[in-house]
Amino acid sequence: MRHTLAVLVENNPGVLARVAGLFSRRGFNIDSLAVGRTERPDVSRMTIVVEGDDRVLEQVSKQLHKLVDVIKISDITPEEYVDRELVLIKVHCEAVHRGEIMQVADVFRARIVDLGRKTITVECTGNDGKINAFEEALRPYGIKELVRTGKIAMMRGTRFTSVSGVRDED
Amino acid sequence: MKMTGAQILIQGLLDQGADTIFGYPGGQVLPIYDALYDANIRHILTRHEQGAVHAADGYARASGKVGVCLATSGPGATNLVTGIANAYMDSVPMVAITGQVPVGLLGRDSFQEADITGITMPVTKHNYIVKNIDELAITLKEAFHIASTGRPGPVLVDIPSDVSAGAMDYDDPGPINLPGYRPVLEGTEEQLNKATAAIMAAERPVLYIGGGVVSAGAHEELKKMAELLVAPVTTTLMGLGGFPGDHPLYLGMLGMHGSKYANYAVCECDLLIAVGARFSNRVTGKISEFAPEATIIHIDVDPAEIGKNVRVNIPIVGDVKIVLNQLLPRLAAKLPGAWKDKISQWKKEYPISFKENGNLKPQQVISEIYNVTGGAARIATEVGQHQMWAAHYYTYTRPRSFISSGGLGTMGYGLPASLGVQVACPEETVFNIAGDGSIQMNIQELATAVNYELPVNIAVLNNGFLGMVRQWQELFYNHRYSYTELSNPDFVKVAEAYGASGVRVTGKSELRPALEEAVRNSKPVMLDFVVEREENVYPMVAPGAPLNKIIG
Ligand SMILES: Cc1ncc(C[n+]2csc(CCOP(=O)(O)OP(=O)(O)O)c2C)c(N)n1
Ligand SMILES: [Mg+2]
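If you read the protein sequences in the order shown, they are chains S and B. All residue numbers for the first sequence refer to the working numbering, where the first residue is 1 and numbers rise by one. All residue numbers for the second sequence refer to the working numbering, where the first residue is 1001 and numbers rise by one.
Simulated from the structure, these hints should not be mistaken for lab results. Note that beta-carbon positions come from the ideal geometry of N, C-alpha and C, so glycine has one too. Be careful, since some hints might not be right.
Claimed, not checked - Calculated cross-link-like contacts (lysine-lysine; reagent style BS3-like; alpha-carbon spacing at most 27 Å):
| id | chain 1 | residue 1 | chain 2 | residue 2 |
| --- | --- | --- | --- | --- |
| 1 | B | 1493 | B | 1342 |
| 2 | B | 1308 | S | 66 |
| 3 | B | 1342 | S | 72 |
Unchecked claim - Covered stretches of chain S, as calculated for chain B (at least 3 residues, CB under 8 Å):
| id | stretch |
| --- | --- |
| 4 | 65-73 |
| 5 | 92-101 |
| 6 | 120-126 |
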């Protein structure tokens, strides 16, 4: 099963290497990893999507906890959460197909961000499923280049993950 | 007060209670060595950085304090890596300090630059590179805190030479703040209650203890618990000395070279209480058949150890000394019963033994070291057959008396470690039990022993082989002794060339007088025991076999 972990880390040099090294060393599979700073400049948040059964997940989380720079790990998989990923796709595009591709983009509420002589570049945000579907829809035209940010996620409603834990706003 | 980085470092070491460091100089630690020149701290110059790190490790294991070693950048730092990994595997508190090229030269493949924080990331509990002098004092404080609390381990601090040579107005660094580091020390009520119920219900309990009992200083509590429950105790290699080896409830080691009765007891127990142990594959044998009938309670300070290798029914995360103290008042005394009788029967039936044949046997050498020292020596070993015989034929009655590379199995560990032990325990008799292969991996440390008048006794069990590997070739590779026979130097002459004493012992009759003289002598001595060449370590569980398939 796939799990989505929200990992708060101290914004120290090397912290990404520590986390990445841990995953490869212990043979855990990362599906995606997105990292950036949070509302606190000294704290970064990693959203890690990892594949594994409960036992693997338990080890992943415990091993991550052993890293001194890791402050807090929440497996938000069972929670209600919003998740988003951004993808940039450069599609092969002859002039005759331009309208068609723009229609596809429209359906997915994607935006055209660049036009080349024989290419069109689109940006799309959404959850995993939507991004995958979008990619499939464009594949027949010939995808030249594709880049995804990896997923970021946040719990819905008043619940939130912070340095001091997962809690409800009081 | 204006202080240089190097002076701040030394102040930090002193503030942390470090009075001894083991090290080796070089270009990027020149500022530190200059400050050491008139510092109030003892520095031991080893003859190899690997010697320094193992000596710091031995010092830490014997004393319970944080071991400190120091090396220069590049090759000095990389020479520490094996020793750091060794300390990591055995959870030894250590701070390793390395010099580094100046900050401005980092990342340019500068002369003697090595990315030692990158290299040691997987083998340290944590590591740092200090790029600003104002972070130095607090970093050092954090390093000692992390190394010595929770599950102990090595922490590396890499210091560019412009940081150690720089100067600043020094102020006490104040309290540390590590939001991501909060070891859990106490067991929860719920888990303690579950464990209590399981313990009181059990009819065939076994206590399985590891290095955690030794490092937490929980040996007294452990003994109380064993006696209260009439529960036999088996130890890992790291746990030797955590329970008195002469106690009637003692089962010896379990696992690959454990006793038959310990392994049988684990196979038949209905409750296994693991205390500060980590279910290594050397201990469990075939994991699916490990302790098949047992409810397993696992007490450990490292939550990641719980359920890592073996299913655990009742985990208790916490410092083992604290948890045992929480448990003890909840338990009621039990009476000896059928289980104890069964174990006594096994003990009678399957003692650990060897056959005499007139030749000098390695097991005899260890037994005689035990007799001559009255069991009071600290023993540091290398890795191989001699290590297992040192575990089997010497009886360890107190913690921190058996010092050996367990997790990494590092040949070359024992001699430098024994020097660290001798530095920590200047009044005690220290033995390095060595093989003829292992001793040559750090034999240069004889010079350190002589230099600092550390009167260690080095007992080389000279079988002319990389014996442990030869044993596996004999048993599992059809006697094909591929590159395991050794042609050795004259160890007596080697010892003498270094300024130590050298003694060769070839027969049983010379054994006792040679050992008595070595112990009496206050010089480092190397004893070359020419022993039976193809003796095997038994009992043995073949790798991957279940524990009850124990042979020999
Ligand atoms: C650094 C290192 N290299 C290789 C090994 C593999 N190894 C384990 S035991 C052993 C033989 C040790 O020989 P010796 O020191 O003579 O001890 P003996 O087994 O003969 O008592 C070897 C090569 C090791 N443990 N450590
Ligand atoms: Mg040998």
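Quiz item: In ascending order, which of the hints set out earlier in this document are inconsistent with the structure?
Solution: The structure breaks hints 1, 3, 5 and 6; every other hint is satisfied.
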